[in-house]
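Chain order of the listed sequences is H and S.
Using this note's numbering, read the first sequence as starting at 1 and increasing by one per residue.
Using this note's numbering, read the second sequence as starting at 422 and increasing by one per residue.
Just so you know, these hints were derived from the structure itself, not from any lab.
Certain hints may be false.
To be verified - Footprint (simulated), chain H over chain S, 3 or more residues, beta carbon under 8 Å:
id, stretch
1, 422 to 431
2, 467 to 479
3, 495 to 502
4, 532 to 540
Source: prediction; values computed, not measured.
Don't be surprised by glycine CBs; every beta carbon is placed ideally from N, CA and C.
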Amino acid sequence: MRQTRQPEVAVIGAGPAGLAAALAAAQAGLGDVMLIERDLELGGILPQCIHDGFGSIVFKEALTGPEYAQYFIDMVGRSNIDVLLDTMVLDLTAERKITAINSRDGVLEIEPKAVILAMGCRERTRHQILIPGFRPAGVITAGAAQRYMNIEGLIPGRSVVILGSGDIGMIMARRFTLEGAQVEGVYEAMDHPGGLTRNVVQCLQDYEIPLHLSHTVTFIHGRKRVEAVSVAEVDADFEPKMETERRIPCDTLMLSVGLIPENELSRKAGIEIDPATSGPVVDERMETSVPGIFACGNVVNVYDLVDYVTQSAEVAGAGAAEYVLQGRKREAPIRVVPGRNVKYVVPQIISDFDRDISFYFRVEHPEKAVVTRVSADGEVLSQKKAKMVRPPEMVKAKAGPDALKDGHKVSEIIVDVNAGE
Amino acid sequence: MNKHDFICINCPLSCSLELYEEGGRVQEVKGADCKLGEKYAAEEYANPRRILTTTVKARNGIVSLLPVRSTEAIPKRLVRDAVRALAGVVVEAPVKRGQVVLKDILETGIDVVASRHLGKMPASSEN
Chain H
1 MRQTRQPEVA VIGAGPAGLA AALAAAQAGL GDVMLIERDL ELGGILPQCI HDGFGSIVFK
61 EALTGPEYAQ YFIDMVGRSN IDVLLDTMVL DLTAERKITA INSRDGVLEI EPKAVILAMG
121 CRERTRHQIL IPGFRPAGVI TAGAAQRYMN IEGLIPGRSV VILGSGDIGM IMARRFTLEG
181 AQVEGVYEAM DHPGGLTRNV VQCLQDYEIP LHLSHTVTFI HGRKRVEAVS VAEVDADFEP
241 KMETERRIPC DTLMLSVGLI PENELSRKAG IEIDPATSGP VVDERMETSV PGIFACGNVV
301 NVYDLVDYVT QSAEVAGAGA AEYVLQGRKR EAPIRVVPGR NVKYVVPQII SDFDRDISFY
361 FRVEHPEKAV VTRVSADGEV LSQKKAKMVR PPEMVKAKAG PDALKDGHKV SEIIVDVNAG
421 E
Chain S
422 MNKHDFICIN CPLSCSLELY EEGGRVQEVK GADCKLGEKY AAEEYANPRR ILTTTVKARN
482 GIVSLLPVRS TEAIPKRLVR DAVRALAGVV VEAPVKRGQV VLKDILETGI DVVASRHLGK
542 MPASSEN
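Next comes chain S alone, as it looks inside the complex (with noise of 0.2 Å):
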């Protein structure tokens, strides 16, 4: 059986886990606190995935940016990608919180989805 280490980034308490597999099938793993540690060495030894947050730039908004989430975990090699695809866009506030900014992301079949509510910039008075 081969051994890989992981350390588990579900929560702080950052256990160290074990995987053995056998010709790239997953036979244990050692060291996980709860069901998540198991889960998350077997996702990261087969097809590691994050959750991606960056921001999209909002037009008349009380800020100048909207953070932004995947609703889930998207492939790690696609997180620069993505966040390259959502440079470009742009949302005009307001803005809900969970709104949808960009639909199935590089064909993940995620999506990314507004973190607050962002209000609108009220009209500048004449003072």
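Excised from the complex, chain H in its bound form (with noise of 0.2 Å):
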């Protein structure tokens, strides 16, 4: 029989968004929380995230995943959120009607006053990335690997070779190390790390992993399992320079190749998505195009930090209690424009500029010694310097109303990075 629920909020999934999403509704004074996950657990993808790091601005700590996602289910685990776990989320409407399943309740159509996307991202597959060869087994996500290995205790290879320098296929290059595995060597097609600095340092050149620059993987042998893979450097325009293809015995391809944010609910909910970040289009609240739909963390841009992701979720949370106990209408938004060297900045609009917002932005390119700015029509909010900028790592920039000289009205924001004196 299907059963109705009318929470205040419905947060859709139960990651480091969606816990601390929840947990910011709930502080911010409703009573009538629902969180609901589709993994046996809480936590998300942090449990399987053994390495440290996690935690360097929330708690000013090194932590690891498993101890970052502990302190946050610790915390629901002593709130009234209602919790489902082993749950999918199968619809959502713009209307905000979300209908679930598992096996306990069997189909539950939950009517939420305000519903919070917190589902995360997903990897990029080898499907996305069009490498030519045979379809065997050993092809395999850094993702997957890490979730093999970290949980259920099996290594997916003994030999392996990695495309893509992103930070969770460098961590994985290390972990393969350390369990006993060969790493040929970790190969990526940009002229410069996909991840992080410290990941360079910390998992590949700790280990003497080989980290190959403008080379991509130009095909995939064997039937059954694999057996090798070719690769080639490529030019400027990423294409492989067939002269310089070689042939790399293996028996696993491990693909660290980007991470694409989970938007299936919310294009069936009719929200305005974001092409450049492939996630919604967000305000300062974290509020959607559609009322009453907020959305957090990964599923709105992927964030390099869980911290970055934490902090938006608190936003969410408190902008959707803010919604369901006060109402909300939003008046013509502001427009938030990406300037000089900016690829993309988060939140795209600003609805109400009533209070101090963070601006989390992408550079398009490396750039030493610049200042970051975030100006109104023309008059500069704030702006900081910064020794370095560069893609893989997310730039935080601050600005609120009280800078505005005549406290008029904006039209435009601007965030931009320029060179410093």
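Two chains, two frames, some hints: make the complex.
See below:
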């Protein structure tokens, strides 16, 4: 039989974003918060991220992923948040109707006053980057390898080639090495590492794992199991230089070639998606284009720090609580425009410029000795010096309406990066 | 003075550090955005250390592995041996976060502890 539930807020996904959003909504005064998770336990991807480096901003210490998750899981355990585990959300409408299913309750109709999307992101696979060759076993994404090795206790291969130098890819290169597998090398099509420099140092250099920049995999050999891959240098247009092609015997090709926000439900609800982030367009309270539906964490854009995911979730949770308790009329939004050397900015719009806002952005290319700036209609609201900005490392800038000289109505905010003096 | 280049791994800022030493004595560290960077460069020059993170087998847990960490960074040269030393360790669920899994690993004076709570697998029911 179908049951209908009407919580004040329903949070979809209980990874770091969902946990923090549910807690923030409860702390802001809501007594009926529902947290829906498809896995058997809370924490999302964090329980398998056993390495340290989480929490440098939120906790001011370097925690492992499970430790970071445990803090929020314990907080949820002490709250009266209604947790639904092993429950899959199948549908979401613009009227905020959720259809979910589990084997205890059957089909659930959930009609919350507000929804927070916290589904996280998904890995790019072989099929999204079109590697030629056969389709043998042994081609695996970094996150899947991480799940096998850190949760299930299985090693996916003994001799590994890695394509892509994303953070999880480099972390798994170290993990494979420590578990006794041979990592032949990491191949990266770009001319710079995809992940953070600290991981190049502590995951690759520490273990003498070669990083081949401007290289890609050109063919996967092996009918049943991977037997080898061919690699080649690429030119400036990422086209392989076939004269440089060479064959490397291996039994596993691991891919760390990017993450994509998981927005199937957002699309079903008709939420506007930003092509630059592949996530919903959000405002300063993390509200999407559909009233009452908020979004946070990697569903919005792939953050490189879980701390930023938590911060975005706290904004969304508080925003959803405010929406439920006070209602909200949004005026014509102020556009937030990426300026010089800025690829994109979150939030993309500001509905009410009534508070300090954290702008998260990525640069287009590395640049030294810069000043990052937030300005409103030509008036600088805040600026900050940075020694170095790099595309893999998200930049954060804060600005608020108090800096406006005459408090006039703003029509456009520009975030840009300029050469420092 | 001799110069040694390091990239700080304390946080994602990844500061490029230049350490200057004279006869093994550190004179100056340039390029650090915070005190951690200066300390890191000096340590990385004299005795590099890393936090150890790996897993150990868990019996009767809701999952079969328990993630563990060293409470402090251990000498980098001992990381591989430490992982080997932990390969034979088996813990019995339930486990609490912070519970000591291996005391004084490789006589470093540093303990290895559980990174999470690990619940006991519920006894299987009839159906």
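Comparing the hints with the structure gives:
1. Here the stretch 422 to 431 of chain S counts 4 residues with a CB under 8 Å from a CB of chain H, which clears the bar of 3, and the coverage holds.
2. Only residues whose C-beta sits within less than 8 Å of a C-beta in chain H count toward coverage, and the stretch 467 to 479 of chain S has 6 of them, enough to reach three; the restraint holds.
3. Coverage of the stretch 495 to 502 of chain S by chain H holds in this model, with 3 residues showing a Cβ closer than 8 Å to a Cβ of that chain against a need of three.
4. Beta-carbon proximity to chain H at under 8 Å applies to 3 residues in the stretch 532 to 540 of chain S; the threshold of 3 is reached and the given coverage holds.
The earlier numbered hints are all upheld by this structure, with none contradicted.
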